[in-house]
Amino acid sequence: MLTGKDIFENIGKDRPSVPEGYFSDLRARLNSIPGESAAHSGPWSRVRPYLALAASFAAIVLIGNAVLRDTVKTPSSDPFLGEDSYADIISITNPEILYDESEFDMEELSDEDIINYLIESGVRTEHLAYAGYNY
Amino acid sequence: MTDKEILDLYKSGQRELAFKEIVDSYSERLYWHVRRFLCSHEDTDDLLQEIFIKIWTSLPTFRGESQLYTWIYRIATNESLNFLQKQKIRAALRFEDITARLDEKIDEDTGVSGDEAQKALMKAMSRLPSKQKTVFIMRWFDDLSYEDISEILGTSVGALKASYHFAQEKIRAEIEKYLK
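Protein sequence lines correspond, in order, to chains S and V. The opening position of the first sequence corresponds to residue 375 in this note's numbering, with each subsequent residue numbered one higher. The opening position of the second sequence corresponds to residue 824 in this note's numbering, with each subsequent residue numbered one higher.
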């Protein structure tokens, strides 16, 4: 059995075999590389990577534009956004309650209804008094 | 033809002739260098083609700061290590054991003589970390000097000697275990 320091010397550096005539065939194939490269290096092949890059960029812009157009809406195109902006100007509101102008006929609401609504929404009595509501 | 003569030939515009000289001088040497890494004749044959294409396309950027021969060996070594790394990633994606796959390759490689000790050496070598494997192949099989290996790998001679020592110890232990 091979042991100790002699192990490498005993194994040696034998080379594995290769098919007969392999190296002359290999040299012939490798020598054809410059010719093949020249065939693939015309003006079209020089421009092609840049065109591919430009096409990729254009595709990304188009896809991004299409996706954004479907997902992001402008204020004018969204009928609910107007109501949201009304809700934003009410300083203290119950987030569960959405203010919708169309649901109410303002003329039928009494001061008491309004006060009850505001108290329910969490408006403090001091603020009601300040706004001129008497309760 | 010496490396300097090859480079002079290239600079004089006779590029294809210079490349032919490179192929004649290095194809066989690089074949054995790469085959020690890949442990397969077919893989080596494929990768050699890639290596020489890279040499041909990179020759215009060769500035002569290093020797032509160390530059060529650096390309071959990097390509071999990249190839092994890709194989490792592919094996991981398929949940395969890369070590078992390499062992199979060594057993299947008809070119490796039936000598069990040779196969044990190849298997032990395939288990080494990349750096140690590279140093071992260059020093033990390619008979390169530490100075040349240092220029090829960009590592100090002291670090190379340490890597070679560790590689030898690990291989020795593996072979003894394998042959018991």
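These are calculated hints, taken from the structure and not from any lab test. Backbone N, C-alpha and C define an ideal beta-carbon position, used for all residues, glycine too. Hints may be right or wrong, so weigh each one.
Straight-line Cα separation of at most 16 angstroms, EDC-like style, residue types lysine to aspartate or glutamate; simulated pairs [claimed, not checked]: (1) K387/S / D938/V; (2) K843/V / E410/S; (3) K942/V / E383/S; (4) K387/S / D869/V; (5) K387/S / D965/V; (6) K942/V / D388/S; (7) K387/S / E939/V.
Label-pair distances were calculated between CB atoms; the ranges are [as the list claims (entries may be wrong)]: (8) G981/V / D399/S: 39 to 49 angstroms; (9) E410/S / K954/V: 27 to 37 angstroms; (10) R422/S / V980/V: 40 to 50 angstroms; (11) K954/V / Y396/S: 41 to 51 angstroms; (12) N905/V / V435/S: 27 to 37 angstroms; (13) N384/S / T880/V: 17 to 27 angstroms; (14) Y396/S / S881/V: 49 to 59 angstroms; (15) N384/S / V980/V: 22 to 32 angstroms; (16) S411/S / A923/V: 30 to 40 angstroms; (17) S835/V / V435/S: 43 to 53 angstroms; (18) G409/S / T884/V: 17 to 27 angstroms; (19) N439/S / F964/V: 37 to 47 angstroms; (20) E410/S / K834/V: 49 to 59 angstroms; (21) A923/V / R443/S: 47 to 57 angstroms.
Comparing the hints with the structure gives:
1. Restraint check: the Cα-Cα separation between K387/S and D938/V comes to about 12 angstroms, which is no more than 16 angstroms; the hinted pair holds.
2. With a C-alpha separation of about 14 angstroms, the suggested pair K843/V and E410/S falls inside the 16 angstroms cut-off, and the hint holds.
3. A distance of roughly 15 angstroms separates the Cα atoms of K942/V and E383/S; the hinted pair therefore holds under the 16 angstroms criterion.
4. With a CA separation close to 24 angstroms, the supplied pair K387/S and D869/V exceeds the 16 angstroms bound.
5. For the hint linking K387/S to D965/V, the alpha-carbon distance of about 10 angstroms falls within 16 angstroms, and the restraint holds.
6. Proximity of K942/V to D388/S is assessed by CA-CA distance (about 11 angstroms); at most 16 angstroms being required, the pair is judged to hold.
7. In summary, the hint linking K387/S to E939/V is supported, as the alpha carbons are separated by about 13 angstroms, within the 16 angstroms threshold.
8. Between G981/V and D399/S the Cβ separation comes to about 42 angstroms, which falls inside the hinted range of 39 to 49 angstroms.
9. Range check, E410/S to K954/V: Cβ separation about 34 angstroms, and the 27 to 37 angstroms hint holds.
10. Range check, R422/S to V980/V: about 45 angstroms between beta-carbon atoms, so the 40 to 50 angstroms window is met.
11. Between K954/V and Y396/S the beta carbon distance is about 30 angstroms. The supplied range of 41 to 51 angstroms is therefore violated.
12. For the pair N905/V and V435/S, the supplied restraint of 27 to 37 angstroms holds, since their beta-carbon distance comes to about 34 angstroms.
13. With their beta carbons about 43 angstroms apart, N384/S and T880/V fall outside the hinted range of 17 to 27 angstroms.
14. For the pair Y396/S and S881/V, the beta carbons lie near 25 angstroms from each other, so the given range of 49 to 59 angstroms is not met.
15. For N384/S and V980/V, the Cβ-Cβ distance of about 28 angstroms falls inside the hinted range of 22 to 32 angstroms, so the restraint holds.
16. At about 39 angstroms, the CB distance of S411/S to A923/V agrees with the hint of 30 to 40 angstroms.
17. Hint check: S835/V to V435/S, Cβ distance near 48 angstroms, so the stated range 43 to 53 angstroms holds.
18. For G409/S paired with T884/V, a C-beta distance near 21 angstroms keeps the hint of 17 to 27 angstroms intact.
19. Range check, N439/S to F964/V: about 58 angstroms between beta-carbon atoms, so the 37 to 47 angstroms window is missed.
20. Range check, E410/S to K834/V: Cβ separation about 23 angstroms, and the 49 to 59 angstroms hint is violated.
21. In this structure the hint that A923/V and R443/S lie 47 to 57 angstroms apart at CB holds, the actual value being about 53 angstroms.
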